[in-house]
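Protein chains in written order, with the working numbering: chain A, 1 to 379; chain B, 1 to 379.
Read the hints as simulated data drawn from the structure, not as lab findings.
Honestly, I wouldn't trust all of these hints.
It does not matter which identical chain is meant; a pair holds if it fits inside one copy or across any two.
Stated by the list, open to error - List time: in silico EDC-like cross-link candidates among lysine to aspartate or glutamate, alpha-carbon distance up to 16 Å:
1) K87 to E313
2) K87 to D269
3) K86 to D118
4) K86 to E275
The lines below spell out each chain.
Protein chains: 2
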Amino acid sequence: MKFTINRPAFINQLNNVLRAISSKTTIPILTGLKMVVTDHSVILTGSDADITIESTLDASDSSYGLSIEEPGAIVLPARFFNEVIKKLPDKQATIEVFNGLQVRITSGTAEFTINGQDANNYPHLPEVESENTVELASDMLREVIDQTRIAVSKQESRPILTGIHVTLNNGILTAVATDSHRLAQRKVELPETADRDFDIVLPGASMTELAKMIADEKDGVKMQITENQALFIFGNTHFYSRLLEGNYPETSRLIPESSDTRLEITASDLLASIERASLLSHESRNNVVKLSVNPENKIATVSGTSADVGNVEEEINADQIVGNPLEISFNPDYMRDALKSFGQTKILISFTTALRPFTLVPTEEKANFVQLITPVRTY
Amino acid sequence: MKFTINRPAFINQLNNVLRAISSKTTIPILTGLKMVVTDHSVILTGSDADITIESTLDASDSSYGLSIEEPGAIVLPARFFNEVIKKLPDKQATIEVFNGLQVRITSGTAEFTINGQDANNYPHLPEVESENTVELASDMLREVIDQTRIAVSKQESRPILTGIHVTLNNGILTAVATDSHRLAQRKVELPETADRDFDIVLPGASMTELAKMIADEKDGVKMQITENQALFIFGNTHFYSRLLEGNYPETSRLIPESSDTRLEITASDLLASIERASLLSHESRNNVVKLSVNPENKIATVSGTSADVGNVEEEINADQIVGNPLEISFNPDYMRDALKSFGQTKILISFTTALRPFTLVPTEEKANFVQLITPVRTY
């Protein structure tokens, strides 16, 4: 195996694959980066068993300045190899296997020799067949992930809740996550997929990583699904994620259908007030902020208290306040996450009683996106 | 006590004073920020007992938009107060003491109430008399600190070595630091101070903080010294540092006066080579890099080895190589710190034998700045 490549372009690709490589893995070879050189490409693979990322650097893409002398394959210590490539003196680097598993890296007058591992010992990639393919716009996919991953459970006690439940049915893609205290649900119409359907649970952590990787992706993302894997294809990258096994709980009946108190407000305005109130609630034992809604005189206030530090009270700038008067307490961190997912848009917050979950939806396209939060009982 | 102030300018000043405030202090009131309001100014004080920073916000400076209604004094929880001020909704904030030790902070519709502490319980500032004043250019002072603090000891076993030894004598300011493995010495001619002298040891940590604070300072820094304190005055800030007690060891005889092997090279070039070699040495048990100098064929190479990972060898780009051939091993982290302190300049490295300390000096103005490193015996 021997090839020469432009360092800057190579570093970009290494950084992509490194996202999947954890130093905390229990399978030692997965701390390595697999490098396979064919006659016309270099294929980099990194994996932590949950996620596998494979980047193909094609010699026909001139930005790589790729010149292949001899095909082959090797596994190299990933973080260390990346550090070496980053610090080499010259614009180009030559990477060559010799004496079986030794790798020589030369650039300028610097010559590194690194001990590699046999690529045959690297786990095989999951096989994903291409019969069930859905094509998604990358910005839409990223939005769906970002809007739902906040409600994914961080606790391993119910592993299925650490995932995002994604279904495709009758041309509608639905993504739901809940940690049993809050819930986020996003729907997207995909009329061209009306003939296909699936029902899977994608790990929240994998999807967070995927959302970062496709942030700059202009083209679409192809999604393929098998029994226990999802594959996302974009640019020169294959992103594999394990699926979570088990039945996701039924969530649709959790969303209340009627409301007794309603508030219209710009999400970012309320977010700023909640962040101020949480300065106090974070100093207190039970992290709770109170919202008092008085539709009669059109006033709503947010307040937070810490016995040690002090308190804060603030009238919020609502566009509309209707229904019954209400005092309700909630975890401001849940509220903050939910509000952030709406950006600068105007939202409608609908309450029933002080002890029942309340919902946040955009005032436009109410049916497509909902955040639900369970209040906290304070008496 | 009551005043109104522009938040952005206030936040800048709070950030300055916060540098001195540690949450890990053993004196509880020092987690607080002391705020004294006079008829025409607000004085902010923060301290960790080693460093005290005092900022005076004068009402005559229109950037503060300062309007004072009532003088007074209070101590507030520093980090928390800073978070509150940062997150307030309006451009201005009004701060008012009521009910003795309660503080009301209002901005827009938000109203915070915070519990303060009695300012009389805050430790008194050290008294520094102004008879022994030296005026220093702020960029020169920062350079002197940055060039010497790298050699300050991090170990408390010999507390005096955690300081920078600063003397003024015959119009020459000398700063020296050593952790007994390396030494940094910088001299500056200050002819206008020929009539004054001092001999003090300033804590390295205080000076690092001071160097950061004066980074953007255009005007000079006034330095005043008493028996156990140094005071640095710049802009609207008083920066007090405790002095270290005890005798600093005699260091001048540690610097060798002759050499047998000499190397001239651009500091940043050698730095890059050392950083590559240290990638390997950091993976090995004894963090050592080897330099081989061969004056006969004008070649010098740097190499690093890790039994587990591999090795690297690199010919370095020296301008001149003269004297006896030499193989010498050293801690690459010490070398890196020393090389960084020279920036892009050309340096002369002078060796005697493989077991004796070697020196790095700029090829121009050799007498003013020296970094010394003790090699490592590898056999």
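Each hint, compared with the structure:
1. K87 to E313: between (53 Å within a copy, 14 Å between copies)
2. K87 to D269: Between. Shortest inter-copy distance 12 Å satisfies the 16 Å Cα cut-off; intra-copy 46 Å does not.
3. K86 to D118: Result: close neither inside a copy nor across copies, 24 Å intra and 55 Å inter.
4. K86 to E275: Between copies only: 11 Å across, 40 Å inside.
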